[in-house]
Amino acid sequence: MTIKQLPGAPEGRPCAGVSSHILPRAFDRWNASVQAAAAEDDADRAISIYDVIGTDYWTGDGVTAKRVAGALRAMGKGPVTVNINSPGGDVFEGLAIYNLLREHSGEVTVKVLGLAASAASIIAMAGDTVQIARAGFLMIHNCWVMAVGNRNDLADVADQLEPIDLAMAGIYAAHTGEDIKAMGKLMDAETWIGGQAAVDGGFADDFLPSDQVKKGEGKKNASAARRMEAQLRASGMPKSDAMRLMSEFKSGTGDPSGSGEGDPTERGIPAVFSADLSALRDFSLSA
1 MTIKQLPGAP EGRPCAGVSS HILPRAFDRW NASVQAAAAE DDADRAISIY DVIGTDYWTG
61 DGVTAKRVAG ALRAMGKGPV TVNINSPGGD VFEGLAIYNL LREHSGEVTV KVLGLAASAA
121 SIIAMAGDTV QIARAGFLMI HNCWVMAVGN RNDLADVADQ LEPIDLAMAG IYAAHTGEDI
181 KAMGKLMDAE TWIGGQAAVD GGFADDFLPS DQVKKGEGKK NASAARRMEA QLRASGMPKS
241 DAMRLMSEFK SGTGDPSGSG EGDPTERGIP AVFSADLSAL RDFSLSA
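If you use UniProt numbering, the sequence shown corresponds to residues 1 to 287, in order.
Everything labelled a hint here was simulated from the structure, so no lab data went into it.
Fair warning: this is a prediction, and the values are worked out from it, not measured in the lab.
C-beta: ideal position from N, C-alpha, C; glycine also.
Check the hints yourself; a few may be wrong.
Unchecked claim - Quick list of the computed label-pair ranges, beta carbon to beta carbon: (1) Gln5 with Arg151: 35 to 43 Å; (2) Asn152 with Phe207: 31 to 39 Å; (3) Phe207 with Ala167: 23 to 31 Å; (4) Asp28 with Gly8: 28 to 36 Å; (5) Ala189 with Gly76: 39 to 47 Å; (6) Gly78 with Asn31: 26 to 34 Å; (7) Ser33 with Gly149: 38 to 46 Å; (8) Asn31 with Thr191: 13 to 21 Å; (9) Asp156 with Gly76: 27 to 35 Å; (10) Glu162 with Thr191: 17 to 25 Å; (11) Asp188 with Arg29: 16 to 24 Å; (12) Lys214 with Ala69: 23 to 31 Å.
Throw the hints in and build the complete structure from the sequences for me.
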C-alpha cells in the first residue's frame with residue numbers, strides 16, 4: 001500500500017467459541033470458473049484469490065493469511081496484483097489478509113474478476129487501485145458467524161462482533177470516502193454492489209477490460225459440497241454433525257442406492273440430502 005492511507009483492521013480472533021462461515025447466498029451467486037484470462041508478463045508478482053477465504057475443509061485449499069504472507073515475502077518490495085473471485089469465508093482471515101496487503105511495500109492493484117463477497121470484499125479494499133469487471137459484484141454485510149450457547153453467551157457474542165462490524169465499515173468508508181454510518185447501513189442490509197455501482201460509489205476505481213477475464217474449469221463438485229454444508233450449517237445443524245454427514249456423502253456411503261459408486265457430489269446426494277433436510281424440521285436448540 002503506497003497511495004491510499006487506509007486504517008488497520010483488528011488482529012486475531014476476539015470471539016472465542018464462534019466460527020465464521022460463508023453466507024449460503026454468496027455460494028449461490030459464485031461462479032468458481034471465472035479467473036484471469038492469461039498470464040501477464042509480471043505473473044510472478046500476482047496473487048490469485050479464486051477460493052474461499054480460510055482453509056476449505058473439502059479440498060484442503062482456500063486462501064489463508066499464511067499463504068498470502070508467504071507469497072508477499074517471496075515477491076519482496078514492489079508492485080503486486082491481486083486477482084479476486086471469491087464468495088468470502090472466514091472474516092478474521094480476511095481481515096488478516098487485508099492487513100498484509102495494506103502494509104506491503106509497493107503498489108497493490110486489485111482486480112475483481114467475478115465476485116468479491118464478504119471477507120473477500122474487505123481484501124479488495126486493500127488495493128491502491130481497484131478494478132472490477134462490468135459484470136462483477138462486491139457484497140458487503142455484517143460479520144456472519146455460527147455460535148452456540150445460552151442467551152447470555154449469545155448476547156456476549158453480539159457485543160464482541162459489534163466492533164468488528166464497525167472496523168469493517170471504517171475500512172469501506174476510508175476507501176470510498178463515504179460516511180461510516182452510510183457504510184454501516186449498507187452492511188446491515190447485506191448489499192450487493194454491481195460493477196457500475198462499485199465504480200460510482202468509490203469501491204472500485206475503474207472497469208476491468210473484458211479480455212482480462214476468462215472462464216476456466218473451476219471446482220464444480222467441491223463447490224456443490226460446500227453449498228450443501230453451508231445450508232446445513234445455516235439450518236442450525238452443529239458443525240461436527242454437518243461435517244460428518246458431508247463426509248459420508250464425500251466417501252460415497254450416503255449413496256441411497258447402496259452402491260457407493262460414482263462421485264458423491266453428482267449422484268446419491270439429492271435423495272439423502274432431502275431426507276436429512278426433512279429431519280432438520282425437528283431440529284431444536286438444546287435447553
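Comparing the hints with the structure gives:
no. : hint                           : verdict
1   : Gln5 with Arg151: 35 to 43 Å   : holds, 41 Å
2   : Asn152 with Phe207: 31 to 39 Å : violated, 49 Å
3   : Phe207 with Ala167: 23 to 31 Å : holds, 29 Å
4   : Asp28 with Gly8: 28 to 36 Å    : holds, 32 Å
5   : Ala189 with Gly76: 39 to 47 Å  : holds, 41 Å
6   : Gly78 with Asn31: 26 to 34 Å   : holds, 31 Å
7   : Ser33 with Gly149: 38 to 46 Å  : holds, 39 Å
8   : Asn31 with Thr191: 13 to 21 Å  : holds, 20 Å
9   : Asp156 with Gly76: 27 to 35 Å  : violated, 43 Å
10  : Glu162 with Thr191: 17 to 25 Å : holds, 19 Å
11  : Asp188 with Arg29: 16 to 24 Å  : holds, 19 Å
12  : Lys214 with Ala69: 23 to 31 Å  : holds, 28 Å
In this structure, the hints that do not hold are numbers 2, 9, in rising order.
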